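Add chain P to chain H, keeping to what the hints say.
There are 2 protein chains.
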Amino acid sequence: MQLDTGRFLADLDTLRRIGAHRTGVHRPTYSPADMASRRWLVEAMEAVGLEARIDGIGNVYGRHPGPGPHLLAGSHIETQNQAGWLDGVLGVVAALALARAGLPVDVCAYADEEGHFADFPGSRSLVGALTEAEIDAARNRHDGTPLRDALAAAGLAGLPRPQLEPGRHKGAFELHIEQGTQLEKAGLRIGVVTGIVGIRQWRITITGQQDHTGGTTMAERRDAGLTAVRLLAAIDTEFPRLCGPRSVWTAGRIVLEPNAPQIIPGRAEVAFSFRDLSPEVMARMEEGLHRLVQESNRRERCPAMLEPIGHSAPAPCDPAMLEALAGAAETLAPGAWQRMPSGAIHDSQILARVLPVAMLFVPSIGGISHHWAEDTKREDLALGLEVLAEGARRFLAA
Amino acid sequence: MQLDTGRFLADLDTLRRIGAHRTGVHRPTYSPADMASRRWLVEAMEAVGLEARIDGIGNVYGRHPGPGPHLLAGSHIETQNQAGWLDGVLGVVAALALARAGLPVDVCAYADEEGHFADFPGSRSLVGALTEAEIDAARNRHDGTPLRDALAAAGLAGLPRPQLEPGRHKGAFELHIEQGTQLEKAGLRIGVVTGIVGIRQWRITITGQQDHTGGTTMAERRDAGLTAVRLLAAIDTEFPRLCGPRSVWTAGRIVLEPNAPQIIPGRAEVAFSFRDLSPEVMARMEEGLHRLVQESNRRERCPAMLEPIGHSAPAPCDPAMLEALAGAAETLAPGAWQRMPSGAIHDSQILARVLPVAMLFVPSIGGISHHWAEDTKREDLALGLEVLAEGARRFLAA
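These protein sequence lines are chains H and P, in that order.
Under numbering that gives the first Met the number 0, residues 0 to 397 are what the first sequence spells out, in order.
Under numbering that gives the first Met the number 0, residues 0 to 397 are what the second sequence spells out, in order.
Looking at chain H on its own, in the form it has when it is part of the complex (with noise of 0.2 Å):
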């Protein structure tokens, strides 16, 4: 069968109704917006002759009839708040554009991937990594919804999760929005994926002591905001001796107390992450904030306490897969591509953990991503496409 380019770009028009927002989409997991867009999907995989059904967490997963090799191709349905049209909703109707083509593929759409409520649920949960304690445990991270009332309250309660079926997938595709500017910067049209960064995430929490910034002298100060700025030039000064040539750490939340102009900060909490592809320049760059940490608390007055809070393992992509891709970029797009790391993290790497995975990028206008103002051009969607079902039909055959 044809690839349908024209039915690919309607359904993401017809999703893109449901929870409209400006010229983006409000659909957070599980809201009734959500929920309307997994009911039509379920319609939308049986159209092509998928068996659908949703699962226990959300997952809407459409299975193949036919016999294999199968592929897995998919992503998330639900947005962020006031976010975008394609964040995620662009790899599930690629997905389902794959299997319309006749491709051998099951179809999903991994809850949560936007994190509403827990990290990657979804794809957690068909990989066997998904406790019901967990679900038990999790909320809304804006609201503070029991994930157990939001899954009664979606009809889902009771629901089976089954997990992925061992030995059935070749490998899991996921098309995707950039979400950066590499590839409109660069004049290209296509990003082939070669792994997802890690990201190690800390928190540094500096203790001082608060005082009246006139009656104490420099000596006599315990001041945590000047410890934090310390380590955080140390660290500006030393990653880059360490790390690799994609990596980046960013210091993006910093709270002093009490955060007033006359008054010595007597606390000081910092949000630190580094992200990498590479697990030995990873580990090379923890080692490195362990040893600044350290000598900060040899040099300063202040201690300073080093907690891990987050951690996600790089997942590179598979290299038979990624070839596939990268000849039909080549074949389709000649010269308007790339290789490139996913910086953002996505619920392949989950997949990754049991599956041979690879991705591939469309350019984001101007790069905005988690807005509503999110966009791509329908040239470069359809491209995406034609790339990823020639890429996929590739791998099949190799």
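Everything labelled a hint here was simulated from the structure, so no lab data went into it.
Owing to the predicted nature of the structure, the values given are computational and were not obtained by experimental measurement.
From the three backbone atoms N, C-alpha and C, an ideal C-beta is built for every residue, glycine too.
Treat each hint with caution, since some may be false.
Stated by the list, open to error - Selected chain H positions facing chain P (Cβ under 10 Å, derived; list incomplete):
1. H211
2. V228
3. V247
4. W248
The following block gives chain P in isolation, referenced to the frame of chain H:
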């Protein structure tokens, strides 16, 4: 007449009960409790033979009716919210005790030194540096009440605001708690203040580009928080080369936007200030700050803007008054006193524009200030009064 330290301590205890809060006092400017304390003071002034009145900004002024040369003495009577029983009140009650002992002293409670509505409106009114337009514009910093409304509610609207009579006063004394730990740590009981530091306060605003930490390479980033860290680290390195022996500098407030762990800060705002006794040192530090911001703007991708938001000049104490206090301290507390600057700001630095001034400190237990737990040993309070009286006598006789 004899100095009545018992009566002086009893007066402090009486005022402690007006607006009592735990072991401290809550008497914000023009509140019912504050006005009750001002009316108490008028009566107490009249009882020691002064001609007392409250003026149109709330200053309580007791004029000595006898011949000169006269001294001015006082401090403030309102408190910070839920604050201590001695901050300000000590200097007012001590001045009253000098008048009671027969010294030719005008006693004044300068209104709103604690800045509930404005910076030093009481003492500035006395030296002719408070305009009606400024009173029109001022509002309560906590609840936004216009100063005019507060004055009307306190019964002060339309009252005259007389200025100090030129030539009347040989000098102005102020006894105050230290609000620091230097006397306590050194085991001393009296501080003879060499001068009151000046302050320069700045807002540093750094503009970057808010982006997702995953999709944006280090080379592409414009991280306003990182530029702030580098600038503050440069100040930390450079200021020790520019400062004087008792300079202090502080970044008490840092606000990143959006201040989220996985978003590159698009904006950073830093409240930075420094204090010193020497105008030359302050000028050098200011020049250094401008230079460091310029260097930052040459090197960094995120422009930094430096805005002055407050300024007060250092006020050296009068050498003859200072030596009179030092002589008194050595007589009454031999070996138990030191010369020291005041790092906190006081009405005396406003009065210094038109009069010779001097200040005397007594220890603050644990350095606690602007908190209801603030305290000083009663024997130190009494000694402070005795040194003040003896110093005033010596200065009048000189």
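> Looking at the structure, which of the earlier hints fail to hold?
Replying inline: none
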